[in-house]
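> Let's have the full structure, built from the sequences with the hints guiding it.
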Amino acid sequence: MSFITRGFSGRSRERDPRLPPGQTKVDDWPVLSAGPTPKVDPEVWSFTVTTETGAQTHWSWDELRALGLEDIETDIHCVTHWSKLAMTWRGVPLDKILAGIPTHAGYAMAHSYGGYTTNVPLPELLNGQSWVAFEADGTPLEPEHGGPARLLVPHLYFWKSAKWVNGLTLMDSNDPGFWEQSGYSLHGDPWKEERYW
Amino acid sequence: MGHVDGNAIAGSLAEIFPFDVTAAVGRCAHCGSTGMIGDAMVYFAATGTIVRCANCDEVLAVLVETPSRIWLSLSGVRGLTLPT
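Respectively, the protein sequence lines represent chains A and B. Residue numbers for the first sequence follow numbering that gives the first Met the number 0, so the first one is 0 and each next one is one higher. Residue numbers for the second sequence follow numbering that gives the first Met the number 0, so the first one is 0 and each next one is one higher.
FYI, nobody ran anything at the bench for these hints, they're computed from the structure. Misleading hints may appear alongside valid ones.
[Unchecked claim] Straight-line C-alpha distance at most 25 Å; calculated SDA-like pairs for lysine to any residue:
| id | chain 1 | residue 1 | chain 2 | residue 2 |
| --- | --- | --- | --- | --- |
| 1 | A | K95 | A | Y106 |
| 2 | A | K191 | A | Y106 |
| 3 | A | K24 | B | F43 |
| 4 | A | K24 | A | Y106 |
| 5 | A | K83 | A | T23 |
| 6 | A | K38 | B | V3 |
| 7 | A | K83 | A | D174 |
| 8 | A | K38 | A | T138 |
| 9 | A | K83 | B | V63 |
| 10 | A | K38 | B | F43 |
| 11 | A | K38 | B | E57 |
| 12 | A | K191 | A | K95 |
| 13 | A | K95 | A | G67 |
| 14 | A | K191 | B | I69 |
| 15 | A | K95 | A | P122 |
| 16 | A | K191 | B | E64 |
| 17 | A | K83 | B | T48 |
| 18 | A | K95 | A | W60 |
| 19 | A | K38 | B | M40 |
| 20 | A | K191 | B | V3 |
| 21 | A | K38 | B | A45 |
| 22 | A | K191 | B | P66 |
| 23 | A | K38 | B | A44 |
| 24 | A | K191 | B | R68 |
| 25 | A | K83 | B | A44 |
| 26 | A | K38 | A | L68 |
| 27 | A | K95 | A | T79 |
Below, the structure is given as structure tokens:
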């Protein structure tokens, strides 16, 4: 006979299987900022892809959105141990942005208004794995959450989903971005807890 | 998120340097202006601490404390000077 009971609540203590190791579910959306919040007017917003040869392709706000918006439901995982589950997003997949751009690069550096950068292997931006997102949970992205547009790479820690994104530079080598130069993982897979070097 | 002045990182930097870095004068590698680190702008993000130039907003230094080590980048500082 056991003298230890689990109490009377009857509530499951099982961990949500959508949470990677070391993560805690939150219902709000914490804001992490490394500097002043850029205020970017969609009228002047632009997105530029620069290939490893230096060739550039530019899109305006309307041109990029005209490539085709998709609705996404996904979980996001911040390296600072919070996860927000089942968020809805709207954005243009990188597949459509990079289609037709000739490249042999293996990596990409995302660039943002304000100077932030982060590196991602190029294959992990393709095949429905990343978007330039304009809306979250049914509303346009607020500036503190990276609006008017941020990168969305939900299968990696959320610092890879660069706020205020304005372009990608395609690279032959896996050069480190802003946080990656200061100890954070070059890759950042939350299921492997790739937080630091 | 707002910022505080550079004196807010005196404690963390004291673990690295044997002198008071906030009293040191640095030259910004971006705009060339000079000023005391203690007068720079400090942003505390959960991922790390960012020190920005009070004149041009560009990044002077990044400090990240992981469970196993401390990372300090001074890529935006072109030299530090302090009285002997």
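> It remains to establish, for every hint, whether it holds in the given structure.
Do the hints match the structure? See the list:
The straight-line distance between the Cα atoms of K95 (chain A) and Y106 (chain A) is roughly 17 Å, inside the 25 Å bound, and the hint therefore holds. Of the supplied pair hints, the one linking K191 (chain A) and Y106 (chain A) holds, its CA atoms being roughly 20 Å apart against a limit of 25 Å. Taking the CA atoms of K24 (chain A) and F43 (chain B), the gap is about 22 Å. The hint holds against a cut of 25 Å. Using a Cα cut-off of 25 Å, the hinted pair K24 (chain A) and Y106 (chain A) is violated, with the two alpha carbons roughly 31 Å apart.
Note on K83 (chain A) and T23 (chain A): the hinted pairing holds, with a Cα-Cα distance of about 9 Å set against a maximum of 25 Å. The suggested pairing of K38 (chain A) with V3 (chain B) holds, with an alpha-carbon distance near 21 Å, which does not exceed 25 Å. Between K83 (chain A) and D174 (chain A), the direct Cα distance comes to roughly 29 Å. Violation of the 25 Å bound is thereby established for this hinted pair. About 17 Å separates the Cα atoms of K38 (chain A) and T138 (chain A), which keeps this hinted pair within 25 Å; it holds.
Only pairs whose Cα atoms come within 25 Å are accepted, and K83 (chain A) paired with V63 (chain B) is accepted, the gap being roughly 24 Å. Our distance criterion of 25 Å between C-alpha atoms is met by K38 (chain A) and F43 (chain B), whose separation comes to about 20 Å. A threshold of 25 Å between alpha carbons decides the hint, and for K38 (chain A) with E57 (chain B) the separation of about 16 Å falls inside it, so the pair holds. Taken as a hint, the K191 (chain A) and K95 (chain A) pair is broken in the structure, with Cα atoms around 29 Å apart against an allowance of 25 Å.
The straight-line distance between the Cα atoms of K95 (chain A) and G67 (chain A) is roughly 8 Å, inside the 25 Å bound, and the hint therefore holds. Between K191 (chain A) and I69 (chain B), the direct Cα distance comes to roughly 22 Å. Compliance with the 25 Å bound is thereby established for this hinted pair. As the CA atoms of K95 (chain A) and P122 (chain A) are separated by approximately 14 Å, the hinted pair is consistent with the 25 Å bound. Between K191 (chain A) and E64 (chain B) the alpha-carbon distance is near 20 Å, which keeps this suggested pair within the 25 Å criterion.
For the given pair, K83 (chain A) sits about 24 Å from T48 (chain B) by alpha-carbon distance, which is consistent with the 25 Å threshold. Of the pairs offered as hints, the one joining K95 (chain A) and W60 (chain A) holds, with about 15 Å between alpha carbons and a cut-off of 25 Å not exceeded. For the hint linking K38 (chain A) to M40 (chain B), the alpha-carbon distance of about 19 Å falls within 25 Å, and the restraint holds. Under the criterion of a C-alpha separation no larger than 25 Å, the hint pairing K191 (chain A) with V3 (chain B) is inconsistent with the structure, at around 35 Å.
About 22 Å separates the Cα atoms of K38 (chain A) and A45 (chain B), which keeps this hinted pair within 25 Å; it holds. Under the criterion of a C-alpha separation no larger than 25 Å, the hint pairing K191 (chain A) with P66 (chain B) is consistent with the structure, at around 17 Å. Proximity of K38 (chain A) to A44 (chain B) is assessed by CA-CA distance (about 19 Å); at most 25 Å being required, the pair is judged to hold. Proximity of K191 (chain A) to R68 (chain B) is assessed by CA-CA distance (about 20 Å); at most 25 Å being required, the pair is judged to hold.
Note on K83 (chain A) and A44 (chain B): the hinted pairing holds, with a Cα-Cα distance of about 18 Å set against a maximum of 25 Å. Between the alpha carbons of K38 (chain A) and L68 (chain A) the distance comes to roughly 23 Å, so the proposed pair stays at or under 25 Å and holds. With a CA separation close to 31 Å, the supplied pair K95 (chain A) and T79 (chain A) exceeds the 25 Å bound.
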